[in-house]
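K.L.:
Chain residues, written in single-letter form:
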Amino acid sequence: MAERERRLTPPRGGVFVPRVQVLAPEDVQRAITRIAHEIVERNRGLDDVVVIGLQTGGVPLAFRLAQVLEEMEATAVPVGMLDVAFYRDDIGIRPVLAEAITSIPCDLAGQLVILVDDVLFTGRTVRAALNALADYGRARAVQLAVMVDRGHRELPVRPDYVGKNMPTRLDEQVDVSLDGVVLGDVVPR
Amino acid sequence: MSFRTPRPETHGIKAPAVAGSGRNLLSIADLGAEGIEEVLRVTDAFVEVARRPIPKVPALRGRTVVTLFAEESTRTRFSFETAAKRLSADVLSFAVASSSLKKGESLRDTVETVAAMGVDAFVVRHPSAGAPAQVARWVDASVINAGDGWHEHPTQALLDCYTIRQVLAERSGRPVADVGMKNFGGLRVAIVGDVAHSRVARSGVLALAALGAEITLVAPGSLLPPSLEGWPVSAVSHDLDSVLPTVDVCYLLRLQTERGAGSFVPSLREYTAGYGLTVRRAGLLAEGALVMHPGPMNRGVEIADEVADLPRSVVLRQVANGVAVRMAVLFLLLGQVVDGDAAGAVDLGPGFGAGDG
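Protein chains in written order, with this note's numbering: chain X, 1 to 189; chain U, 1001 to 1357.
For reference, chain X alone in the conformation it holds in the complex (with noise of 0.2 Å):
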């Protein structure tokens, strides 16, 4: 979870107070590489490719991600960003943020998208995740890629590309971004 929604969430949100870097800026980006690399080998390149983060941990790891696989096939990937806030079933619990912008590239129906967050926990921002892309279309297969999987899944999802696996805590908090990954704990102010 980004900082800025951690800091906005009653009833139990606070400051994120870190306690050990798990995960270094390169190591983060070569999480990310090897993540392009494996998504081109599965897929046999990058046809009707389209990368999806989810607002808000996931965007920046989103557009990374895209620029990589760029980089790698010489082919321009389109990427987008989803807030699933009206789609959750815990509404009310996370804040609607202005800056959790939905903008999706292209018409997804037949497409192979690539959705991407940060951190795969109980696994229901996913499920939001999925219900919010079948209203843009049909898309012909829908992978998912995140930096940490801290398991205690709620739900059955299951990543196809992961950056870390980590065991936590249910009290712990994980806080990624391309400055690399760090475990700590959230204090109410």
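Hints are computed from structural coordinates only; laboratory data are not their basis.
For each residue, glycine too, the CB sits at the ideal point set by N, CA and C.
Errors might be hidden in some of the hints.
Said to hold, decoys possible - Under 10 Å between C-beta atoms, here's a sample of chain U residues computed to sit facing chain X: (1) D1044; (2) F1046; (3) P1055; (4) K1056; (5) V1057; (6) P1058; (7) A1059; (8) L1240; (9) V1243; (10) F1331; (11) G1335.
Start from chain X and add chain U according to the hints.
P.N.:
Just chain U, lined up with the frame of chain X:
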């Protein structure tokens, strides 16, 4: 898991002791600048939803919205109903003409009967000022004022503000979300016509002034309210020709002949001669100035036919934005955790606040 506040055994009817504790939108004054800004920001998200191939989200699934209109309306009623349906809420449309109100049932009994069926929001339009506030005292559900007499029409003011912000953002070539609210600071708005009978004017003045706009009322003395005390306007004028070149927005009000406005002017033709936006007058407007009208337009009275269809007239855009603004209002009233109690009642799960789902 359910996030609705559990309904107590009152059958949706409020005990008299706790009157007025619901989450309602009765007046722009209740919102304040911060509340207005929040609505406009959330509206951005719903404007995007409207552009989708399937312009519908499941945010209010299972909620019920009743539109109770005791006065004629096309755009407001359809706008609210479209908004509720695009949020996946169920809509009950209450037509006074075919209801038990015609048999002499009181408004209170009618409202409480409907509320007892389990309703989450009432959208109320009524010819008497204060009727929605009264309904809010009777029921647990949220109440939204969709126009009460001469008093207020808050969602109209919100959609007008949104439309102004959207147009200014487009002109600056930046996304609406980036432009924010600062464009309202010093924005010069003329509100022209039947101010006395206009709930749109009341809500509009409050909303625009809260966001920092400078407002000039232009009307014949007979169509101004008896007292302007408490109206945050910077000037009052009786000379439209001199005001038009100085404003960024010319907001025309409908001459409300059904409220007897016709008897406050010598004749419709004379009203048009003094206060109508004729083709000649439209030429006096500064380049880029907007022409707005809440509808329904009396073409040929307060606005000339040709002027209503000019590119600078954003009347249809106001209507289009109305749906998104009302989605935002319904979402903010019904989609959120209600208050501390409700938040406490919700099982947030052990992992809440600890990383993305």
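K.L.:
Give a verdict on every hint.
P.N.:
The hints, checked one at a time:
1. About 6 Å separates the beta-carbon of U/D1044 from the nearest beta-carbon of chain X, less than 10 Å, and the hint is met.
2. Given the 10 Å rule on beta carbons, the hint for U/F1046 holds: about 8 Å separates it from the nearest Cβ of chain X.
3. Given hint, U/P1055 at the interface with chain X, holds; its Cβ is 8 Å from that chain's nearest Cβ, closer than 10 Å.
4. Annotation: interface hint on U/K1056 holds; nearest CB of chain X at approximately 7 Å, less than 10 Å.
5. At its closest, the beta carbon of U/V1057 sits 4 Å from a beta carbon of chain X; the interface hint therefore holds under the 10 Å criterion.
6. Nearest Cβ of chain X to the Cβ of U/P1058: about 6 Å, under the 10 Å cut. The hint holds.
7. Checking U/A1059 against chain X by beta carbon gives a least distance of about 4 Å; that is within 10 Å, so the hint holds.
8. Because the smallest distance between the Cβ of U/L1240 and any Cβ of chain X comes to about 37 Å, over 10 Å, the interface hint for this residue is violated.
9. For the restraint placing U/V1243 at the interface with chain X, the shortest Cβ-Cβ distance is roughly 34 Å, beyond the 10 Å limit, so the hint is violated.
10. At about 8 Å, the closest approach between the beta carbon of U/F1331 and any beta carbon in chain X falls short of 10 Å, and the interface hint on this residue holds.
11. The beta carbon of U/G1335 comes within 5 Å of a beta carbon in chain X, closer than 10 Å, and the hint placing it at the interface holds.
In summary, the numbered hints that this structure violates are 8 and 9.
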